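Trainee: Now for the letters of each chain:
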Amino acid sequence: AQTVTQSQPEMSVQEAETVTLSCTYDTSESDYYLFWYKQPPSRQMILVIRQEAYKQQNATENRFSVNFQKAAKSFSLKISDSQLGDAAMYFCAYSGGSNYQLIWGAGTKLIIKP
Amino acid sequence: GAVVSQHPSWVICKSGTSVKIECRSLDFQATTMFWYRQFPKQSLMLMATSNEGSKATYEQGVEKDKFLINHASLTLSTLTVTSAHPEDSSFYICSARGRSIYNNEQFFGPGTRLTVL
Numbered sequence: 002a003q004t005v006t007q008s009q010p011e012m013s014v015q016e017a018e019t020v021t022l023s024c025t026y027d028t029s030e031s032d033y034y035l036f037w038y039k040q041p042p043s044r045q046m047i048l049v050i051r052q053e054a055y056k057q058q059n060a061t062e063n064r065f066s067v068n069f070q071k072a073a074k075s076f077s078l079k080i081s082d083s084q085l086g087d088a089a090m091y092f093c094a095y096s097g098g099s100n101y102q103l104i105w106g107a108g109t110k111l112i113i114k115p
Numbered sequence: 534g535a536v537v538s539q540h541p542s543w544v545i546c547k548s549g550t551s552v553k554i555e556c557r558s559l560d561f562q563a564t565t566m567f568w569y570r571q572f573p574k575q576s577l578m579l580m581a582t583s584n585e586g587s588k589a590t591y592e593q594g595v596e597k598d599k600f601l602i603n604h605a606s607l608t609l610s611t612l613t614v615t616s617a618h619p620e621d622s623s624f625y626i627c628s629a630r631g632r633s634i635y636n637n638e639q640f641f642g643p644g645t646r647l648t649v650l
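Protein sequence lines, in the order shown, are assigned to chains F and V.
First residue of the first sequence? That's 2 in the working numbering, and the numbers climb one at a time after it.
First residue of the second sequence? That's 534 in the working numbering, and the numbers climb one at a time after it.
The set of hints was computed from the structure by calculation and includes no laboratory data.
Check each hint, because a few of them may be wrong.
Unchecked claim - Distance condition first, Cα-Cα at most 20 Å in a straight line; then the derived SDA-like pairs of lysine to any residue:
(1) 574/V <-> 87/F
(2) 56/F <-> 638/V
(3) 574/V <-> 107/F
(4) 574/V <-> 9/F
(5) 588/V <-> 101/F
(6) 110/F <-> 576/V
(7) 110/F <-> 571/V
(8) 574/V <-> 43/F
(9) 553/V <-> 541/V
(10) 110/F <-> 573/V
(11) 574/V <-> 10/F
(12) 574/V <-> 7/F
(13) 574/V <-> 48/F
(14) 574/V <-> 23/F
Said to hold, decoys possible - Ranges of calculated distance between the beta carbons of each label pair, as one might list FRET restraints:
(15) 543/V <-> 73/F: 36 to 44 Å
(16) 115/F <-> 550/V: 39 to 47 Å
(17) 592/V <-> 44/F: 17 to 25 Å
(18) 540/V <-> 55/F: 32 to 40 Å
(19) 609/V <-> 115/F: 41 to 49 Å
(20) 550/V <-> 47/F: 27 to 35 Å
(21) 550/V <-> 110/F: 30 to 38 Å
(22) 542/V <-> 110/F: 21 to 29 Å
(23) 81/F <-> 596/V: 40 to 48 Å
(24) 19/F <-> 545/V: 37 to 45 Å
To be verified - Pulled a few chain V residues facing chain F out of the computed Cβ check, cut under 7 Å:
(25) 576
(26) 577
(27) 641
(28) 643
(29) 644
What you are looking at is a predicted structure, and each value in this text was computed from that prediction instead of being measured.
We put the beta carbon where it would ideally sit given N, CA and C, even for glycine.
Take these sequences, add in the hints, and give me the full structure.
Mentor: Right under this line is the structure:
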């Protein structure tokens with residue numbers, strides 16, 4: 002069975018600095034997708050970034066980028082120039098297999114210090 | 534695009550009553566909808582997956598007679614919590630996946646907070 006592990010329950014970063022959130026996963030599939038979702042206090046899940054496993058190039062979305070290491074089954078999220086609005090829970094998720102359900106990590110609470 | 538709504542956003546009910554939560558895809562056809570439950574400070578727990586026109590597939594440990602799911606159209610799925618009890622109090626989130634949107638991306642509703650007294 003696929004699993005997703007986020008080993009950092011909480012991270013804090015100074016505003017304008019860079020922070021990296023870790024995520025590892027386990028799967029025997031070769032075709033899958035990886036996601037980072039943000040859940041602010043409003044609790045609306047917001048897609049931050051996605052990565053297709055077949056793509057070697059790391060995905061980027063403005064200040065957000067990933068370091069996808071397929072062999073190591075690692076999928077970390079880097080947030081550059083952190084802003085107060087980045088404060089939220091961040092969830093790493095895996096999607097693959099026959100039904101492509103999302104398998105969720107436990108989440109990392111990101112605190113931005115002004 | 535790809536907006537999912539949920540109604541109501543919050544509901545308080547008495548123990549023993551039933552509560553219906555609606556999930557709608559507003560601008561796309563949702564071939565698959567998912568229902569999640571989220572406890573405070575925890576991750577999302579998948580309850581069931583429903584495909585339009587088919588019976589929902591429930592995850593292990595989720596009582597299908599307790600949590601009735603109907604996905605009668607390509608834009609609407611409902612979750613009915615029957616004979617609700619205080620332990621059913623939680624945050625319920627739906628998500629939808631369409632045929633023609635980015636492959637495998639799920640779009641999430643804003644969630645429904647259920648409090649059972």
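Trainee: Against the earlier hints, flag every one the structure doesn't satisfy and list their numbers going up.
Mentor: none
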